[in-house]
Amino acid sequence: MITDYIGLGLLFGLAVGIAIPTGRYLSHVFKGETTPLDFLTPLERLIYRLGGIDPAQPMTWRQYAVALLVVNGVWLLYALVMLLVQAQIPIWNQGNIPPMEWTLALNTAISFLTSTNLQHYSGESGATYFTQMAVLTFLQFVSAGTSLAVGVAVVRSLRSEHSERFGNFYQDFVLSITRVFMPLSLLGAIELIFTGVPMTFEPYQVIKTLQGAEQTVATGPVAAMLSIKHLGSNGGGFFGANTAHPFENPNVVSYILNLVNVLLLPLAFICFLGYFLNRRKLAVMLFTIMTGCWLSLTIPIMAQELAGNVAITQLGIDQSMGSLEGKEMRFGTAASAFWCGVNIVIPAGTLTSMHDSYTPLSGLFMQLGMQVDAFYGGVGTGFLYMFLYIIIAIFIGSLMIGRTPELLGKKVGIPEIQVAAFVIVMLPLLYLGATGLAVAVWNNTTNPAETLGWLSNGSYHGFTTMLYEYVSSAAGNGSGFEGLGDNTPFWNLSTAVVMLLGRFIPLLGPLIIGGLLLAKHYVPPTTGVLPVESSTFAVLLTAVILIIGALCFFPALAIGPIAEYLTQ
Amino acid sequence: MKNHISPAIRLTLILLVILSVVYPIVVAGIATLAAGGGKGETVTVNGKVVGYALIGQKFTEDRYFNSRPSAVDYNATGSAGSNKGPSNPDYLKTVQARIDTFLVHNPGVNKADIPAELVTASGSGLDPDLSPAAAKIQVARIAKNRNISVERLNQLVDEQTQGPLLGLLGPSTVNVLKLNVALDQLK
Numbered sequence: 001m002i003t004d005y006i007g008l009g010l011l012f013g014l015a016v017g018i019a020i021p022t023g024r025y026l027s028h029v030f031k032g033e034t035t036p037l038d039f040l041t042p043l044e045r046l047i048y049r050l051g052g053i054d055p056a057q058p059m060t061w062r063q064y065a066v067a068l069l070v071v072n073g074v075w076l077l078y079a080l081v082m083l084l085v086q087a088q089i090p091i092w093n094q095g096n097i098p099p100m101e102w103t104l105a106l107n108t109a110i111s112f113l114t115s116t117n118l119q120h121y122s123g124e125s126g127a128t129y130f131t132q133m134a135v136l137t138f139l140q141f142v143s144a145g146t147s148l149a150v151g152v153a154v155v156r157s158l159r160s161e162h163s164e165r166f167g168n169f170y171q172d173f174v175l176s177i178t179r180v181f182m183p184l185s186l187l188g189a190i191e192l193i194f195t196g197v198p199m200t201f202e203p204y205q206v207i208k209t210l211q212g213a214e215q216t217v218a219t220g221p222v223a224a225m226l227s228i229k230h231l232g233s234n235g236g237g238f239f240g241a242n243t244a245h246p247f248e249n250p251n252v253v254s255y256i257l258n259l260v261n262v263l264l265l266p267l268a269f270i271c272f273l274g275y276f277l278n279r280r281k282l283a284v285m286l287f288t289i290m291t292g293c294w295l296s297l298t299i300p301i302m303a304q305e306l307a308g309n310v311a312i313t314q315l316g317i318d319q320s321m322g323s324l325e326g327k328e329m330r331f332g333t334a335a336s337a338f339w340c341g342v343n344i345v346i347p348a349g350t351l352t353s354m355h356d357s358y359t360p361l362s363g364l365f366m367q368l369g370m371q372v373d374a375f376y377g378g379v380g381t382g383f384l385y386m387f388l389y390i391i392i393a394i395f396i397g398s399l400m401i402g403r404t405p406e407l408l409g410k411k412v413g414i415p416e417i418q419v420a421a422f423v424i425v426m427l428p429l430l431y432l433g434a435t436g437l438a439v440a441v442w443n444n445t446t447n448p449a450e451t452l453g454w455l456s457n458g459s460y461h462g463f464t465t466m467l468y469e470y471v472s473s474a475a476g477n478g479s480g481f482e483g484l485g486d487n488t489p490f491w492n493l494s495t496a497v498v499m500l501l502g503r504f505i506p507l508l509g510p511l512i513i514g515g516l517l518l519a520k521h522y523v524p525p526t527t528g529v530l531p532v533e534s535s536t537f538a539v540l541l542t543a544v545i546l547i548i549g550a551l552c553f554f555p556a557l558a559i560g561p562i563a564e565y566l567t568q
Numbered sequence: 001m002k003n004h005i006s007p008a009i010r011l012t013l014i015l016l017v018i019l020s021v022v023y024p025i026v027v028a029g030i031a032t033l034a035a036g037g038g039k040g041e042t043v044t045v046n047g048k049v050v051g052y053a054l055i056g057q058k059f060t061e062d063r064y065f066n067s068r069p070s071a072v073d074y075n076a077t078g079s080a081g082s083n084k085g086p087s088n089p090d091y092l093k094t095v096q097a098r099i100d101t102f103l104v105h106n107p108g109v110n111k112a113d114i115p116a117e118l119v120t121a122s123g124s125g126l127d128p129d130l131s132p133a134a135a136k137i138q139v140a141r142i143a144k145n146r147n148i149s150v151e152r153l154n155q156l157v158d159e160q161t162q163g164p165l166l167g168l169l170g171p172s173t174v175n176v177l178k179l180n181v182a183l184d185q186l187k
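Sequence order for the protein chains is A and B. Letter by letter, the first sequence follows residues 1 to 568 of my numbering. Letter by letter, the second sequence follows residues 1 to 187 of my numbering.
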């Protein structure tokens, strides 16, 4: 077991080791400096020309937001139509796939547009190869591109000058695709192919097993989707069982490649911030807070799972390898739980093991990680959440010492604080309100277990299942307690609303704040301000995150995982 | 807003060509160089494909090493776990029933030695592997059924065991399909 910890530690070290130069590379790309991939410039020029785009034209934050929303609207319409007619499209169609029912199609389109990838359908029986490539994988690329573009724009707005030139959305977005996600995904897909991940357009094969039964085996163009699903903090798997499926994760080598892809860009983004703003102390501070909080969520999950399920121990069998329901033998308990710990803080939210079958308290740590969404967080978006917490911490901290709130030489005014507070409060309201609605529906239905067919586990665990679904939707995580019968109009539509608001409000909030700060005059810091790079501020920031997280979330956790733990 | 609609549509079309046509075709082209040609590695016996190395099969007969329980009965077009919560009473009854069945088929096995994986379902429902302990606990049954010595079978399990990567990460595993193919070839 101790060797597992060494192995996982090395894995994390590898991810950090690659993320640092990647962060420097991102800084070069978005500063317009020379990089080894400059041979792609003609391709970018072609995209701009065919798109009728002038990348040099500066935008205000308002124009930036409008451009972003319009293009996202186009993608939503496109995806929705394609999902409704997927069965009729003859190319890349392996056969026997029905069209999606409209609430499912809407949910799926929004789920991939918002980089959540909640997946109320099952890949191998609910999506054609065409859908997987031209709708779902496409949305994984462009939603990740959108996240990175906004992240970059907000970081750029923190530079020490006063300006209305917020940047150009199309340029940020196109560079995100051509310089970051496209080359990294291609590289990632090629690596994964050689670990045994399929990449074929042939229909499913039927084989006769050794015992003489027939087994139809779903394959498909898996590798192309697998790399971007992890790199882009998306998480939508090709198959129903997500990355637990042996074709998405054949062995420990693919486990490492996949998990490094999950970690790479969220870690690199912190380094990017340090290089781009030339504020390494700030980057180191954020990295330390994020890593500390991530570990304090992951280690308890690993410990809980390795200790095993108490109820199974009582049956008197050998549980020395940990709780194995919903876990794969090739990874074992330690690596499965570590994967879980990474994917609840980074909203790729992919599964190598089924979270529903985790021991009760693990569910608590999972939801805390998802709900904050800033212990690394998604590529680009993780920083956006952290940025909102920073604004609130500056406000509280400055009030405590009686100074004007200031961030990196810019005065933080009332509108900025209002926007930050609105977003931070809106999110819990969203998922707690929606959970309340679901519980109300449940309680007002006679014989709900049979009539609704929602829950495969009752009692406290059933409540946690519903809460998890909405927290995951609001945070753009997309993992689930899969014991939820979620392909019903109620769940399809309610989570669709939560995902849309949970995506675009936290994208636009920081964008507005960034725009407002950029327009202010730079005042060199004096001794009277609370410096954000100091360790005092780091402690304050951590406390703010924990207090906000705990205060709004603890009551719900008490009637979910904590109650289940205490009564088992 | 109006002046953003045309670029948005045109940008979408160009990116569809690059990301959803060129990119997958390039990857699929490179995949033909990999083992199995990008179609998934298969296991053949006497020239006949008997399965995919990575996709678990249902083995329930006494003469074979049995695979783990599967929530989807090894349906390789509908992968899923059981999603049963740890304290679910129905679930615990299912596990108890699996333990009882195992003890009936493997008389002489001490209940406390049954590895949990043999009575719990995997995440994908297609887990191709077992731990060496879970294979070896079945050896006595197979030895009796096939009239092969226990030592020879234990040796076979050892031969088929894959250790952790670089001795560090992941548990030791045995691929059940490959193990059973090798078992059929023992005579």
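Hints in this document: simulated from the structure, not taken from any laboratory. All C-beta atoms in this analysis are idealised placements derived from N, C-alpha and C, irrespective of residue type, glycine included. Any given hint could be a false lead.
[Stated by the list, open to error] Partial selection, computed: residues in chain B whose CB lies under 8 Å from chain A:
| no. | residue |
| --- | --- |
| 1 | Ile14 |
| 2 | Gly47 |
| 3 | Phe59 |
| 4 | Tyr74 |
| 5 | Ser87 |
| 6 | Leu103 |
| 7 | Val104 |
| 8 | Gly125 |
| 9 | Pro171 |
[Claimed, not checked] Below 30 Å or equal to it, Euclidean Cα-Cα: the simulated DSSO-like pairs (lysine-lysine) are:
| no. | chain 1 | residue 1 | chain 2 | residue 2 |
| --- | --- | --- | --- | --- |
| 10 | B | Lys136 | B | Lys48 |
| 11 | B | Lys2 | B | Lys111 |
| 12 | B | Lys48 | B | Lys144 |
| 13 | B | Lys111 | B | Lys136 |
| 14 | A | Lys520 | A | Lys208 |
| 15 | B | Lys48 | B | Lys111 |
| 16 | A | Lys208 | B | Lys178 |
| 17 | B | Lys39 | B | Lys144 |
| 18 | A | Lys520 | A | Lys281 |
| 19 | A | Lys520 | B | Lys111 |
| 20 | B | Lys144 | A | Lys208 |
| 21 | B | Lys93 | B | Lys39 |
| 22 | B | Lys58 | B | Lys144 |
| 23 | A | Lys31 | A | Lys520 |
| 24 | B | Lys2 | B | Lys58 |
| 25 | B | Lys136 | A | Lys208 |
| 26 | A | Lys208 | B | Lys58 |
| 27 | A | Lys208 | B | Lys111 |
Hints and how they fare:
Proximity of Ile14(B) to chain A holds as hinted, the smallest CB-CB distance being about 5 Å (cut-off 8 Å). At its closest, the beta carbon of Gly47(B) sits 13 Å from a beta carbon of chain A; the interface hint therefore is violated under the 8 Å criterion. A distance limit of 8 Å between C-beta atoms decides the matter here; for Phe59(B) the minimum to chain A is near 6 Å, and the interface restraint holds. At a threshold of 8 Å, the smallest CB-CB gap from Tyr74(B) to chain A is about 7 Å, leaving the interface hint in force.
Taking 8 Å as the C-beta cut-off, the interface hint given for Ser87(B) holds, the closest approach to chain A being about 5 Å. The closest approach between the C-beta of Leu103(B) and any C-beta of chain A is roughly 10 Å, which is over the 8 Å cut-off, so the hint fails. For Val104(B), the shortest C-beta to C-beta distance to chain A is roughly 15 Å, which exceeds 8 Å, and the interface hint is violated. Interface hint at Gly125(B): satisfied, since its Cβ lies 7 Å from the closest Cβ of chain A, which is below the 8 Å cut-off.
Interface hint status for Pro171(B): upheld, as the beta-carbon distance to the closest one in chain A is roughly 4 Å, under 8 Å. Pair hint Lys136(B) plus Lys48(B) holds up; C-alpha atoms about 28 Å apart against a cutoff of 30 Å. As the CA atoms of Lys2(B) and Lys111(B) are separated by approximately 72 Å, the hinted pair breaks the 30 Å bound. Straight-line distance between C-alpha atoms of Lys48(B) and Lys144(B) comes to about 28 Å, which keeps the hinted pair within the 30 Å bound.
With a CA separation close to 14 Å, the supplied pair Lys111(B) and Lys136(B) stays within the 30 Å bound. Restraint check for Lys520(A) and Lys208(A): not satisfied, since their Cα atoms lie roughly 71 Å apart, outside the 30 Å limit. Straight-line distance between C-alpha atoms of Lys48(B) and Lys111(B) comes to about 38 Å, which puts the hinted pair past the 30 Å bound. About 15 Å separates the Cα atoms of Lys208(A) and Lys178(B), which keeps this hinted pair within 30 Å; it holds.
At most 30 Å may separate the alpha-carbon atoms for a hinted pair to count; Lys39(B) and Lys144(B) exceed this at roughly 38 Å. Of the pairs offered as hints, the one joining Lys520(A) and Lys281(A) holds, with about 23 Å between alpha carbons and a cut-off of 30 Å not exceeded. Taking the CA atoms of Lys520(A) and Lys111(B), the gap is about 72 Å. The hint is violated against a cut of 30 Å. Between Lys144(B) and Lys208(A), the direct Cα distance comes to roughly 27 Å. Compliance with the 30 Å bound is thereby established for this hinted pair.
Restraint check for Lys93(B) and Lys39(B): the C-alpha separation of about 39 Å exceeds 30 Å, so the hint is violated. Pair hint Lys58(B) plus Lys144(B) holds up; C-alpha atoms about 21 Å apart against a cutoff of 30 Å. Restraint check for Lys31(A) and Lys520(A): the C-alpha separation of about 21 Å stays at or below 30 Å, so the hint holds. Between the alpha carbons of Lys2(B) and Lys58(B) the distance comes to roughly 58 Å, so the proposed pair goes past 30 Å and is violated.
Distance hint between Lys136(B) and Lys208(A) is fulfilled; the C-alpha atoms sit about 26 Å from each other, no more than 30 Å. Using a Cα cut-off of 30 Å, the hinted pair Lys208(A) and Lys58(B) holds, with the two alpha carbons roughly 12 Å apart. Pair hint Lys208(A) plus Lys111(B) does not hold up; C-alpha atoms about 34 Å apart against a cutoff of 30 Å.
Hint violations for this structure: numbers 2, 6, 7, 11, 14, 15, 17, 19, 21, 24 and 27, all remaining hints satisfied.
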